[in-house]
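Asker: Sequence:
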Amino acid sequence: MDIAIAWDVTRAAGDWVIKDGDLALDSSLRSAVLVSLFTDRVAPETLSAQDTAVGLSPASGAAGGKAEDIRGWWADAWADQPIGSRLWQLQRAIKSGQASLPREIEAICYEALQWLVDDGVAQSVVVAAQFSATNRQAIEFSVTVQEPGRNTPQVFLFSWAWEGL
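Note that the numbering used here has the sequence shown beginning at 18, numbered continuously upward.
No lab work stands behind these hints, which were simulated from the structure alone. Glycine included, C-beta positions come from ideal geometry on N, C-alpha and C. Be a bit skeptical, because a hint or two may be false.
Here are the in silico distance ranges between beta carbons for each label pair [unchecked claim]:
id, residue 1, residue 2, range
1, V34, S176, 15 to 25 Å
2, T63, A41, 38 to 48 Å
3, R120, A178, 14 to 24 Å
4, E164, W24, 13 to 23 Å
5, N152, D97, 37 to 47 Å
6, D37, W91, 29 to 39 Å
Could you put the whole structure together from the sequences, leaning on the hints where they help?
Answerer: Here it is in C-alpha cells:
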C-alpha cells in the first residue's frame, strides 16, 4: 500500500487523499504509475524525430526564462534514470490535425514507465492513446500493466487536455 493520489484532470495536478483526518492508502502500483506519468521529467538536450514531428521545440532563451524551462526533479541530479514523464512538453506541441500526437504520448508514457519492467515490478506495460471522441482538445490514454504472477492486468485510464485551445 502507498499514499493515495487523486488526479484532477481539470487542474492537471495530483494531490494526496485525506480520509478521516489521515492520509488514505491506495495501490502502490497505481501510485507508481501516477508519479511516473505526472511528475515533470527533465527535458532531453536533443529531441527525437518523433518529438520534432509533433512540433516540440528544445528549450532555448534567456537563463531562468520560461523559454529555457527544462523542468525535472531536483533529486534526478544523483539518479541514474530521471523520474517522471515529458507529457508537460506537449503544452508546446501542435494539436490540430496531428495524427502522430497520440503516438508521441504513447512513446512518452513508455519512456516514463519502462522502469516498472526493468525493476521487475511489471512483466509488461502497454499504452494506447487516442484523441477524445467528446473533446478534441484532449487525448485519452490507457496504461495496462501486467504484474508477474498475476492473471489479470491492471488498467489505468487517463486524459490529457491542453489549456487555451
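Asker: None of the hints should be skipped; say for each whether it holds.
Answerer: Comparing the hints with the structure gives:
no.: 1; hint: V34 / S176: 15 to 25 Å; verdict: 19 Å, holds
no.: 2; hint: T63 / A41: 38 to 48 Å; verdict: 41 Å, holds
no.: 3; hint: R120 / A178: 14 to 24 Å; verdict: 18 Å, holds
no.: 4; hint: E164 / W24: 13 to 23 Å; verdict: 21 Å, holds
no.: 5; hint: N152 / D97: 37 to 47 Å; verdict: 38 Å, holds
no.: 6; hint: D37 / W91: 29 to 39 Å; verdict: 33 Å, holds
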